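Given chain A, put chains B and C in place with the hints provided.
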Amino acid sequence: MSDFWLNGENVHLWRGDHHVLRGVRFEVRGGECLQLTGANGSGKTTLLRTVCGLAYPEAGEISWCGEDIRKDLHSFHAQLAYLGHEPPLKAELSARENLRYWIGVRRPLTREEIEQALGRVGAEQWAERPARTLSAGQKRRAALAGLTLMRVPLWLLDEPTTNLDAEGQKLVGALIDEHLQAGGVAVAAAHHELAVSSAQALRRLELAVE
Amino acid sequence: MNNSGAMRGALRADVATAGGRDAPALSSLAVARLVLARDLKLALRKRSQLVQPLAFFAIVTTLFPLGISPELSVLKPIAPGVLWAAALLSSLLALEMLFREDAQDGTLEQYAVSGRSLTWLLAAKTAAHWLLTGVPLALMAPLAGIALGAPGAALPGILASVAVGTVALSLIGSIGAALTLGIRRSGALLSLLTLPLDIPVLIFGARATELAIRGEAYGVPLQLLGAIAVLGLTLAPLAAAAAVRINLE
Amino acid sequence: MAWTWFHRLASPPHIYRVAGRLTPWFAWPAALLIVAGLIGGLVLAPPDYQQGDGYRILYVHVPSAWLSLMAYTTLAVAAGVGLIWRMKVAHAVAASCAPIGASFTFAALVTGSLWGKPMWGTYWQWDPRLTSELILLFLYLGYMGLRSAFDDVQRADRVSAVLAVVGVVNVPIIHYSVIWWNSLHQGPSVMMLGKPTMPPSMLIPLLIMFVGFTLFFGALLLVRLRGEVLGRERTASWIREALRP
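Chains as they are written, first to last, in our numbering: chain A, 1 to 210; chain B, 1001 to 1249; chain C, 2001 to 2245.
Source of the hints: derived by calculation from the structure; they are not laboratory data.
There may be inaccurate statements among the hints.
[To be verified] Derived DSS-like pairs (lysine-lysine); straight-line CA-CA distance at most 27 angstroms:
id, chain 1, residue 1, chain 2, residue 2
1, A, Lys139, A, Lys170
2, A, Lys139, B, Lys1046
3, B, Lys1041, A, Lys139
4, A, Lys71, C, Lys2088
Since we're looking at a predicted model, the values are computed, not measured.
With the rest of the complex left out, here is chain A:
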């Protein structure tokens, strides 16, 4: 089960004078989900973006499968899916089109795969409408459809259950479950408990405000 693993070693990051990440250390293996908890402003998003390689730490190292991510950032990116606070959708494109242009840039997609992903998140009814007409929950579901399409071993999710009803939250849990069972790694910043079925697969990292 340990084909993939993510490692963070003594990560420090400053934003101006604010010491946001203070010696953060973690390790997540294939089949495990690391849940980031902490109050607002404690650095959950910053840590996710640092793991992504979007933010650059002043000290410390992030490694993926034993290699420093900075060594080959492009191929690291090809192995990860990052979902930020806002679902990355173009307002004028439909959910279907959004998926095609968003994920299609990463890997060749077939129409069947897109339909399958849309079906998985219950988007059949509204997949044709422009994204600006969708509710926040629907947009979140569209983003989750993108997540399933990416077929990557590392998931970095920032508040994946925002704007979702109870059924939607169960969906997130189910998706993460499947991902973990397939040997993937997940790191998620979440305020409430993720509905992940196996308790052993869920690790926690609490970040504190300065």
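Showing chains B and C alone in chain A's frame:
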């Protein structure tokens, strides 16, 4: 439960092909085509946004006869300068639509973590931008030329010079747009940053237009314009990608 | 061994001390050379056969123009170093260069304009050198404007560094295109003196002024750099030690 083994295998296989450990299954050209198609599709759904820079170009060109003289004989010698000043300003206006919306809705960020070369993706976006703003401008420029006293024989020259010049303007502008991504109300600053860098384009473009209007050979300045465009093609997307990454930090 | 020197250079308290100690070594020679140059140029050098005494302003104008360009190059190199190696101090150097370079550019424009008045009869002409200096001023203003648009100093540093590198690549292109433009239209010729070559009595004060101005720039840069470093590190603990009387 048997599924998990198969899924694990599938995940590993997916990583091997699409995860970058082997060659990516999607060619760079296909990626560029997707990016281009997306931006063109988006622009065509908000057609009003495309017309604005052209209307601006027309209005600015109109200001000069009104401010100087209605005599075509007076306007003809200054036509190249007026045309190009108006073209520079219109292209500045059009820069808004290059990165701003993508930066706001998070799709630019997704490009940055897509595993693809951000330089290449931004080059494709700039190409789309030129098709949507530079080409229409190049088609309008001969009309403005006529309005300012240019003879009919000059029109191909005017079109060619503006077509090539706007390539350079889009590329140079992409750098400024990337630098000012996160800044609110960046219009004036964007102009201050971009216009000095646009000056060589203005000089060579206006000269080509002037020669065309006079009926002389305009090959030399047109080639110089092309050289700037080629230089921009190799360097601008790189600088823009660096600026985007810094702004995403 | 060489790398330890490089990395110590990156340490703000070290830079603060070194800059402080170096400043007099730049400031005093600069003052002496500039005074000597001014005496040589304003008093001792003979009047030009074409422009009379009016040409003497070149002793301030030409070094200013030269420094405006040198400051921009220094800025771009420092910014590039800061960008590639993520050195805070390099960014501080770039930030310090900007207002100094802009001032030299402004001085070059004013002295150029004053020089032109007796020659052309007007305070401004679009000759290639003045035009290039004006565009350089815009580049400086753009750099400083971009810096000030960011609250986060680190982001301001890095974004403006990209601009500086792009700018320095463009400076020769812009300069060449301006010369080309000017030559086409038989514009006012570059501000040269009557004779194609200058006699030593005119040339030597000019060279002295060049060196003096360069040292002056160095001194100004060191002083500004100390202030810049202080401002950036104001919350750090070494400040209290360093500022103790």
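So, going through the hints one by one against the coordinates:
1. For a cut-off of 27 angstroms, the pair hint linking A:Lys139 to A:Lys170 stands: about 16 angstroms separates their Cα positions.
2. Annotation: proposed proximity of A:Lys139 to B:Lys1046 holds, straight-line Cα distance about 21 angstroms (limit 27 angstroms).
3. At roughly 20 angstroms between alpha-carbon atoms, B:Lys1041 and A:Lys139 fall within 27 angstroms of each other, so this suggested pair holds.
4. Straight-line distance between C-alpha atoms of A:Lys71 and C:Lys2088 comes to about 22 angstroms, which keeps the hinted pair within the 27 angstroms bound.
In summary, the structure agrees with every hint in the numbered list given earlier.
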